[in-house]
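S.K.: Given the coordinates of chain X, assemble chain R onto it according to the supplied hints.
There are 2 protein chains.
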Amino acid sequence: MIDIATRVWNRQWKIDPIIRSLIDTDFYKLLMCQSVFRNNADTQVTFSLINRSKHIKLAELIDEGELREQLDHIRSLSLTRGESTWLRGNTFYGKRQMFRSDFMEWFEGLRLPPYQLEKRDGQYELTFKGAWPEVMLWEVPALAVLMELRGRAVLKGMGKFELQVLYARAMTKVWQKVEALREVPDLRIADFGTRRRHSYLWQDWCVQAMQEGLKDKFVGTSNCMIAMRRELEAIGTNAHELPMVYSALAEDDATLRDAPYKVLSDWQDEYDGNLRVILPDTYGTTGFLKDAPDWLAGWTGIRVDSGDPATGAEIAINWWKSRGEDPTQKLVIFSDGLDVQKIIELQRQFVGRVRVSFGWGTLLTNDFRGLVSNDALSPFSLVCKAVSANGKATVKLSDNPNKAMGPASEIDRYKRVFGVGEQEALDVRV
Amino acid sequence: MIDIATRVWNRQWKIDPIIRSLIDTDFYKLLMCQSVFRNNADTQVTFSLINRSKHIKLAELIDEGELREQLDHIRSLSLTRGESTWLRGNTFYGKRQMFRSDFMEWFEGLRLPPYQLEKRDGQYELTFKGAWPEVMLWEVPALAVLMELRGRAVLKGMGKFELQVLYARAMTKVWQKVEALREVPDLRIADFGTRRRHSYLWQDWCVQAMQEGLKDKFVGTSNCMIAMRRELEAIGTNAHELPMVYSALAEDDATLRDAPYKVLSDWQDEYDGNLRVILPDTYGTTGFLKDAPDWLAGWTGIRVDSGDPATGAEIAINWWKSRGEDPTQKLVIFSDGLDVQKIIELQRQFVGRVRVSFGWGTLLTNDFRGLVSNDALSPFSLVCKAVSANGKATVKLSDNPNKAMGPASEIDRYKRVFGVGEQEALDVRV
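The listed protein sequences derive, respectively, from chains X and R.
Going letter by letter, the first sequence gives residues 1 to 430 in my numbering.
Going letter by letter, the second sequence gives residues 431 to 860 in my numbering.
Treat the hints with care, as some may be off.
Unchecked claim - List of simulated lysine to any residue pairs, SDA-like, C-alpha gap at most 20 Å: (1) K590/R with R229/X; (2) K484/R with K815/R; (3) K603/R with Q176/X; (4) K160/X with D646/R; (5) K385/X with R120/X; (6) K590/R with T172/X; (7) K822/R with S478/R; (8) K586/R with G213/X; (9) K215/X with Q594/R; (10) K160/X with R599/R; (11) K603/R with Q164/X; (12) K173/X with Q594/R; (13) K603/R with M158/X; (14) K160/X with Q594/R.
To be verified - Chain R is nowhere near these chain X residues, computed Cβ spacing over 10 Å in every case: (15) R96; (16) V154; (17) E314.
As the list claims (entries may be wrong) - Derived CB-CB ranges, DEER-like: (18) D121/X with R441/R: 53 to 63 Å; (19) D702/R with S373/X: 42 to 52 Å; (20) N440/R with R369/X: 36 to 46 Å; (21) R450/R with A310/X: 52 to 62 Å; (22) E744/R with D16/X: 53 to 63 Å; (23) Q12/X with R441/R: 26 to 36 Å; (24) G589/R with L110/X: 37 to 47 Å; (25) L593/R with R229/X: 18 to 28 Å.
For the record, the hints were derived by calculation from the structure and aren't laboratory data.
All values reported here derive from a predicted model rather than from experimental measurement.
Quick reminder that beta carbons are idealized off the backbone N, C-alpha and C, glycines included.
Same shape as in the complex, but just chain X (with noise of 0.2 Å):
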């Protein structure tokens, strides 16, 4: 028995809309639109696409009347009825009533801002600029945009079979994982892959196997729209736009230096416990950490997120005892260029001496490496970065200065600021 009725429905589609609702996205960006919304409503920002994979023209690969379709129609969404009571009555991090009445009231009337949309050099330059809590919400979704009309243009001609079979292969891949993840005891990992999945349904397809596989060692997904549909719980805390902007906004180097600690303490008036997580590497892990006020050393844990893992674990550590701190009551996250290698090894070296916990991306959302020829479906490392706050540039150092961003002579001042050393250089994979 055929639905007509569906059939006829899914005719009237103009376009076969990538991005569905504003919650999906990153749960920390909600997070963090509401500690902006609050402190920085006024700050005028300004987003930018920046593709590190240069090999891969975007502009040639995806066409722009379709990628203008698909920003349009983002443009299109508000929080759906259902949406908004699930913010407003989930428990987040065993919280309810995580995001106040004013910013869900304003979440509510909600429509993302325009978007410039232009081609150079085989690569698309794609800028949002307005105040930041409606700016900050683009990052995600525009992210998200461009992985899957990449991947649709190369899926574009394949046959009906070859994409089942390519689809077979990936859930093979995704599995194998999982096989060996659940023989890891005392595993806790999220899903942190929205920004550069697949596809949402691939997304969802891998956060339900992780679910079914990994049992309790799945602790939830980062995905708003996923954690509401699979009730699973929302994962994140915060992110580098926060230092960064707050940087960009500092008047003087006293100003400047003391930014990245004014963020953590405006965040710690709007969350406890597990989301008091420091994320230290935005101009460098070890002078943060060395000049960290002690109220800091209290927090609950701390996310590695470039440099070697290890290494930014073990300085944690060291800190932590510094302070006076108990490591083993810490907790640890790793969300940088993980698989599955990298995430058994960490876990053995650090389990026991803190709490650990993953946040996994790309390589779980994202691995189609080795599955088309040309590894045309290989993911790629796409950001969409505030890069500049009230007219000002910001600057990002990071442990690794591959992955450094902002105006040389800017990077060479926070340098001096922050008092940045020698860095390991590594490779930005995704």
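M.R.: Positioned in the frame of chain X, the structure of chain R alone reads:
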């Protein structure tokens, strides 16, 4: 939008029937059935299930009630109007009205005869008795039911995603085979996998994958239902049951010696062209060809179904040459224990020397080797054979003594009558 009617309808099924059509069977069964219907309609035969893989305890794996439900369901089937129309109207092997009206009228009225089912030593003794044209149609569906029930027993209790990944892995395996085969020049290959398939849906998937992946190199399927639904060529000629029953009916050694040729003489009255394919191994290929009448050398081809396939083909080539025939105009069909490497090897060895064709069975439609623990889905060697005709035991020798069957005294007699000497014993895998 959920189709409520479909859900309610699905709920009404008491079982999930494995065989849903009388033409979910091999095409050659229908060709043989028509010949038997004309020449031996009243011959009483017994067909029995024989599990050559004794270590697979079918009666422990498969619930007797479920098996009876499936077999009873098959007995409730009759030819549908569309199936009858297709058999009457379709072109088979380039010919219209392959099936005579008297045969079709009989077939349209057919229900399969009763079965006897008992358990012994962990195995099922499943027997079919009655008129040859009716009983012979049990073979393929009975095998398919047992293979699929065994699979279902193994799959029971697996998680939803575990199952999806299992099929993903199996699809990947099939597609790797397709990818390897599409590089083989001048390949001609058909699906012969009905009887030992993993399931109907799986066979249907494999056939479609071959269709998309191999294009013209895929020449059709032995399964009539799939041929009809997918608009493919139905492929097949004849099988060992013909010489086995004809021989059992022989009153003396002289008639016995002539019986395998009588089969083909009757066949020649019914079919021509590419359907004139000799299956020479029932009582040893060498003796059969040596003593064959000259008119047989004029037939289109030979099917190699036991023993070392390359040796069998060389014997055929030499035989054709010895009879003044041009082997390059002759067809050799390989159909025993094939997998990709063997297919590629045989194609390389014989392309240009004869017209080569492959009938690929179990390792196309049931290669679940290595996909679950204890290899519990690995295919195994289950057959359903004519064991007696008008009360006399049948015998099969084949070119592999491990495939021989029948009472020991009769085997000795047949070996003497047909002059079978030393044979090389080969493993029977599937």
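S.K.: Take the C-beta atom of D702/R and the C-beta atom of S373/X, compute their distance, and say whether it sits inside 42 to 52 Å.
M.R.: 46 Å, holds
S.K.: Determine whether the Cβ-Cβ distance between L593/R and R229/X falls within the hinted range of 18 to 28 Å.
M.R.: Holds, at about 21 Å.
S.K.: Between E744/R and D16/X, does the beta-carbon spacing fit 53 to 63 Å?
M.R.: 57 Å, holds
S.K.: Has the given pair, K822/R with S478/R, been kept, meaning a C-alpha gap of at most 20 Å?
M.R.: Roughly 14 Å between the alpha carbons, so the hint for K822/R and S478/R holds.
S.K.: Between the alpha carbons of K215/X and Q594/R, is the straight-line distance 20 Å or under?
M.R.: Measuring from Cα to Cα gives roughly 17 Å; hence the hint holds.
S.K.: Do the alpha carbons of K160/X and D646/R lie within 20 Å of each other, as the hint requires?
M.R.: 17 Å, holds
S.K.: Is the nearest Cβ of chain R still more than 10 Å from the Cβ of V154/X?
M.R.: The claim stands: V154/X keeps its Cβ more than 10 Å from every Cβ of chain R (closest is about 18 Å).
S.K.: Hey, K173/X versus Q594/R, does the alpha-carbon distance stay inside 20 Å?
M.R.: Holds, at roughly 12 Å.
S.K.: Do the alpha carbons of K586/R and G213/X lie within 20 Å of each other, as the hint requires?
M.R.: Between K586/R and G213/X the Cα gap is close to 17 Å, so the pair holds against 20 Å.
S.K.: When you check the alpha-carbon spacing of K603/R and Q164/X, does it fall within 20 Å?
M.R.: The given pair, whose Cα atoms are some 12 Å apart, holds under the 20 Å limit.
S.K.: Do the Cβ positions of Q12/X and R441/R conform to the proposed distance bound of 26 to 36 Å?
M.R.: 31 Å, holds
S.K.: Can the suggested window of 53 to 63 Å be confirmed for the beta-carbon pair D121/X and R441/R?
M.R.: 59 Å, holds
Of the numbered hints given earlier, the model fails none.
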